[in-house]
Amino acid sequence: MNEFNDNVAPKTETFVLNMGPQHPSTHGVLRVELDLDGEKVIRVRPIMGYLHRGIEKLLESRTYAQGSPFTDRLDYVSSMNNNYGYCHAVEELCGIEPPPRANYIRAIVAELNRITSHMVFIGSLANDLGAVTGMIYTFRDREEVLDIFDLVCGARQTYNYIRIGGVAQDIPQGFEEKVRKFLDRVPEFMEEYADLLNGNEIFNVRLKEVSVMTKEEALACNMTGPNLRATGVPFDVRKVDGYGAYPEFDFDVPVGENGDNWDRYQVRYKEILESAKIVRQALDGMPEGDFMAKVPKVLKPPKGEIFSRTEGTRGELGFYIVSDGTTKPYRVHIRRPSFISMQGLNPMCRGGLIGDAIAAFASIDPLMGEVDC
Amino acid sequence: MFGKGLLTGMRVTIGHVFGKKVTFCYPEEKLEMTERFRGGHLTMDYKKCIGCQLCAMACPNKALTLKATQDAMKKRHLTSYVHEMGRCLYCNLCVEACPTKTLAWDKNYAISSWHREDMNHQVLTDDDMKYLEKAMEDAKVAAAKKAEADAAKKAEEAAKAANDGGGAAN
Ligand code: SF4
Ligand code: SF4
Chain A
1 MNEFNDNVAP KTETFVLNMG PQHPSTHGVL RVELDLDGEK VIRVRPIMGY
51 LHRGIEKLLE SRTYAQGSPF TDRLDYVSSM NNNYGYCHAV EELCGIEPPP
101 RANYIRAIVA ELNRITSHMV FIGSLANDLG AVTGMIYTFR DREEVLDIFD
151 LVCGARQTYN YIRIGGVAQD IPQGFEEKVR KFLDRVPEFM EEYADLLNGN
201 EIFNVRLKEV SVMTKEEALA CNMTGPNLRA TGVPFDVRKV DGYGAYPEFD
251 FDVPVGENGD NWDRYQVRYK EILESAKIVR QALDGMPEGD FMAKVPKVLK
301 PPKGEIFSRT EGTRGELGFY IVSDGTTKPY RVHIRRPSFI SMQGLNPMCR
351 GGLIGDAIAA FASIDPLMGE VDC
Chain V
1 MFGKGLLTGM RVTIGHVFGK KVTFCYPEEK LEMTERFRGG HLTMDYKKCI
51 GCQLCAMACP NKALTLKATQ DAMKKRHLTS YVHEMGRCLY CNLCVEACPT
101 KTLAWDKNYA ISSWHREDMN HQVLTDDDMK YLEKAMEDAK VAAAKKAEAD
151 AAKKAEEAAK AANDGGGAAN
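For the record, the sequence lines run as chains A and V. Residues 1 to 373 (our numbering) make up the first sequence, in order. Residues 1 to 170 (our numbering) make up the second sequence, in order.
Worth flagging that the hints you see were computed from the coordinates, not collected in a lab. Just so you know, not all the hints are guaranteed correct.
Beta-carbon label-pair distances, calculated as ranges [to be verified]: (1) THR8(V) <-> PRO296(A): 54 to 64 Å; (2) PHE139(A) <-> ILE14(V): 34 to 44 Å; (3) GLU39(A) <-> GLU117(V): 51 to 61 Å; (4) GLN173(A) <-> ILE50(V): 46 to 56 Å; (5) GLN173(A) <-> ARG116(V): 14 to 24 Å.
Taking lysine to aspartate or glutamate and the EDC-like style, the derived pairs with C-alpha atoms no more than 16 Å apart in a straight line are [as the list claims (entries may be wrong)]: (6) LYS178(A) <-> ASP284(A); (7) LYS21(V) <-> ASP150(A); (8) LYS4(V) <-> ASP150(A); (9) LYS30(V) <-> ASP195(A); (10) LYS40(A) <-> ASP356(A); (11) LYS107(V) <-> GLU144(A); (12) LYS21(V) <-> ASP195(A); (13) LYS67(V) <-> ASP164(V); (14) LYS4(V) <-> ASP284(A); (15) LYS297(A) <-> ASP71(V); (16) LYS300(A) <-> GLU60(A); (17) LYS130(V) <-> GLU84(V); (18) LYS62(V) <-> GLU84(V).
Think of the CB as a built atom: it goes at the ideal place given N, C-alpha and C, for glycine as much as any other residue.
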């Protein structure tokens with residue numbers, strides 16, 4: 001009757017741990033199923049859909065102009081870039097050419113938004129690794145840009161500023177001055193972040209050579225944006241496609257070497273400086289003229305389909321729009337970079353420790369609004 | 001030296017203990033909203049509104065419900081303008097669509113409420129309603145006057161036609 005047999009060696013079993021959906025380090029509502037062997041991660045499965053709002057369907061029941069406020073709600077940390085992607089797609093579909101001034105304004109606001117988004121990344125990465133104060137520093141400086149956006153379009157997070165054919169309003173008085181003031185401060189606070197984090201031994205140990213992703217793996221997962229560039233592939237839609245005013249600017253595409261957490265952090269860190277460079281050039285070369293092209297009040301694109309891509313903050317943001325010649329799109333599909341980057345979580349975390357899964361997750365910088373759409 | 005980075009970080013944080021404050025004491029101090037700030041309730045200059053409903057048509061979420069009436073002079077006036085703030089995206093499309101530029105935001109950011117019904121904001125004020133009553137009365141008077149004038153004109157024309165007719169017969 002005795003079930004305990006001392007002669008049999010103890011057996012281990014894998015253990016399934018649910019992380020989320022309400023976990024502070026999942027940046028929203030995401031459930032991650034971790035298969036564990038002791039402390040070692042065997043497999044990671046992100047389970048999505050907790051924030052699904054059906055934005056693609058919502059866009060199909062609205063006119064083209066009414067669609068842009070909904071794209072704000074995709075990647076709500078960098079709404080300008082989503083607006084840009086959507087409007088760019090509709091413009092290509094209808095053959096509308098935005099005036100040069102609009103392209104410059106777009107580049108400025110999109111790059112400023114990229115800066116704020118990467119600030120949120122640095123802050124939340126520090127937060128997830130236990131350095132709660134790190135978050136406060138980046139959010140303090142992000143405020144400054146949000147104030148500028150408030151001045152430009154009257155909103156701090158859901159801007160709806162970039163519209164089909166241009167931008168909603170011309171830049172207001174005092175805008176340039178404020179942006180220049182912010183740009184002058186960029187090296188100062190970037191140095192502060194570096195002092196705060198880059199030298200920090202714990203930060204280094206947690207990030208360097210942890211959750212390595214090779215070039216091949218990243219490409220196999222279809223990753224784009226900073227996550228791909230961290231593995232050493234210099235792919236940036238701004239350079240490759242050269243849409244808008246981007247071909248006129250001189251900027252570099254920072255790349256990493258190892259594809260570890262540290263590189264993903266460093267690529268974004270350097271991108272802030274590159275974006276600041278673009279904004280400065282755009283301010284210097286701002287052409288005069290209209291800020292809005294002539295767009296018919298009732299927009300009826302010709303029958304057809306378009307896939308258009310722009311460089312969002314988190315990677316290649318694509319909009320696939322099918323038009324049936326009416327005022328509403330027949331089908332909209334959005335290629336959301338965060339969603340696709342999530343596929344890289346498994347190859348990254350496999351074989352690592354459970355604590356590193358959190359760091360890897362933070363270093364991908366996914367945003368749930370975009371993952372679930 | 002191990003720990004050097006940590007100490008550098010500490011130095012940064014300690015520096016801020018004695019540095020300038022970046023926050024302030026809400027609600028004792030309040031921020032001024034920017035000129036383009038979108039938020040709070042919609043307001044309108046009732047006299048300028050022509051009841052064209054373009055604002056409601058521009059709204060992506062059907063957050064605006066307008067009721068209009070016609071006065072005796074066939075001019076449209078709003079009798080009700082409900083802004084359902086719970087549905088509103090604060091996208092500014094309604095304000096931009098208005099051809100007479102009568103819509104604006106009141107920039108009140110403290111708009112939370114206890115009940116859902118409180119989120120249905122009636123944009124028209126009592127003064128607007130008084131103005132509407134007066135406009136309806138005025139229109140009636142104007143219409144009566146116009147009818148009188150028309151009748152007089154008609155009679156005159158008829159008389160003239162009769163005269164002309166008489167002349168032709170002769
Ligand atoms: S701001 Fe946008 S959602 Fe709100 S009422 Fe106006 S058009 Fe509708
Ligand atoms: S669009 Fe302007 S004028 Fe027309 S009904 Fe609305 S508020 Fe009145």
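For each hint, the structure was consulted:
The supplied range of 54 to 64 Å is met by THR8(V) and PRO296(A), whose beta-carbon atoms lie about 58 Å from each other. Separation of PHE139(A) from ILE14(V) is about 20 Å and departs from the stated range, judged on CB atoms against 34 to 44 Å. The hinted window of 51 to 61 Å between GLU39(A) and GLU117(V) holds, with their beta carbons roughly 54 Å apart. In this structure the supplied range 46 to 56 Å is violated for GLN173(A) paired with ILE50(V), their Cβ-Cβ distance being about 31 Å.
The hint said 14 to 24 Å for the Cβ distance between GLN173(A) and ARG116(V), and at roughly 40 Å that hint is violated. With a CA separation close to 14 Å, the supplied pair LYS178(A) and ASP284(A) stays within the 16 Å bound. Among the hinted pairs, LYS21(V) with ASP150(A) is inconsistent with the structure: their alpha-carbon atoms are about 22 Å apart, more than 16 Å. A hinted pair counts as satisfied when its Cα atoms are at most 16 Å apart, and LYS4(V) with ASP150(A) does not qualify at roughly 40 Å.
Annotation: proposed proximity of LYS30(V) to ASP195(A) is violated, straight-line Cα distance about 33 Å (limit 16 Å). Among the hinted pairs, LYS40(A) with ASP356(A) is consistent with the structure: their alpha-carbon atoms are about 10 Å apart, no more than 16 Å. Between the alpha carbons of LYS107(V) and GLU144(A) the distance comes to roughly 20 Å, so the proposed pair goes past 16 Å and is violated. For the suggested pair LYS21(V) and ASP195(A), the alpha carbons sit about 20 Å apart, so the restraint of at most 16 Å is broken.
Of the pairs offered as hints, the one joining LYS67(V) and ASP164(V) is violated, with about 50 Å between alpha carbons and a cut-off of 16 Å exceeded. For the given pair, LYS4(V) sits about 41 Å from ASP284(A) by alpha-carbon distance, which is inconsistent with the 16 Å threshold. For the hint pairing LYS297(A) with ASP71(V), the CA-to-CA distance comes to about 30 Å; that exceeds 16 Å, so the pair is violated. Taking the CA atoms of LYS300(A) and GLU60(A), the gap is about 14 Å. The hint holds against a cut of 16 Å.
Using a Cα cut-off of 16 Å, the hinted pair LYS130(V) and GLU84(V) is violated, with the two alpha carbons roughly 24 Å apart. For the given pair, LYS62(V) sits about 9 Å from GLU84(V) by alpha-carbon distance, which is consistent with the 16 Å threshold.
The earlier numbered hints that this structure contradicts are 2, 4, 5, 7, 8, 9, 11, 12, 13, 14, 15 and 17.
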